[in-house]
Amino acid sequence: QSALTQPPSASGSPGQSVTISCTGTSSDVGGYSYVSWYQQHPGKAPKVMIYEVSKRPSGVPDRFSGSKSGNTASLTVSGLQAEDEGDYYCSSYAGSNNLVFGGGTKLTVL
Amino acid sequence: EVQLVESGGGLVQPGGSLRLSCAASGFTFSNYWMSWVRQAPGKGLEWVARIKQDGSQKYYVDSVKGRFTISRDNAKNSLYLQMNSLRAEDTAVYYCAKGGYLWFDPWGQGTLVTVSS
Chain H
32 QSALTQPPSA SGSPGQSVTI SCTGTSSDVG GYSYVSWYQQ HPGKAPKVMI
82 YEVSKRPSGV PDRFSGSKSG NTASLTVSGL QAEDEGDYYC SSYAGSNNLV
132 FGGGTKLTVL
Chain R
5 EVQLVESGGG LVQPGGSLRL SCAASGFTFS NYWMSWVRQA PGKGLEWVAR
55 IKQDGSQKYY VDSVKGRFTI SRDNAKNSLY LQMNSLRAED TAVYYCAKGG
105 YLWFDPWGQG TLVTVSS
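In the order they appear, the protein sequences are chains H and R.
Each position in the first sequence, counted from 1, maps to that position plus 31 in this note's numbering.
Each position in the second sequence, counted from 1, maps to that position plus 4 in this note's numbering.
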């Protein structure tokens with residue numbers, strides 16, 4: 032499977048909202064409601080922020096939200112804070128017990 | 005608290021072998037699919053292998069098939085990755101993660117594998 036497509040970078044000022052896209056195909060993002068998003072700070076392990084397109088694990092601020100339209104999923108971070116800076120990866124179930132990741136987006140809080 | 009702690013990484017020559025371990029605690033290990041995910045230096049995430057709760061099903065990314073073997077010991081709450089015929093392109097931080105093919109939560113802190121002569 033090919034990797035999902037994410038923009039390499041995104042940015043916003045504190046308090047603003049930013050949206051990161053994740054584009055796949057009808058065989059992955061478009062075909063299943065199993066898109067997840069991970070946040071990774073430098074030198075740290077990834078942490079799940081969103082699963083099943085729009086569900087937030089316990090402890091994840093409600094400033095993080097997820098959605099999907101067709102073959103594109105999106106992660107929106109509202110009310111940007113300095114600690115939101117980091118790398119974000121999307122992933123999607125791709126059928127036949129397969130999972131594919133996006134290439135990652137570096138989020139900068141200006 | 006759910007915790008995953010990897011060990012076993014290090015420097016190995018091309019063609020060599022390493023065995024990674026992951027010690028799990030804070031959850032019923034035998035109830036969950038478990039996976040290994042790797043991240044090459046400065047690169048993105050790549051799923052490597054997953055194993056079913058009872059070890060009866062195992063899946064691998066094409067690039068490691070025939071060289072890597074995932075296994076688990078539910079009595080010891082441990083996950084393993086035996087890596088043989090290592091190549092330079094296998095150099096990465098290897099993460100142990102709870103989950104199979106839908107999402108991973110949590111992840112361990114990772115262990116670095118460097119394949120170099």
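If you're looking for bench data, these hints aren't it; they were derived computationally from the structure.
Some clues are possibly wrong.
[Unchecked claim] Here are some of the chain R residues that sit facing chain H, going by a computed Cβ distance under 8 Å:
hint : residue
1    : Gly48
2    : Trp111
3    : Gly112
A virtual CB, placed ideally from N, CA and C, is assigned to each residue, including glycine.
Hint compliance check: list the failing hint numbers for this structure, sorted ascending. none
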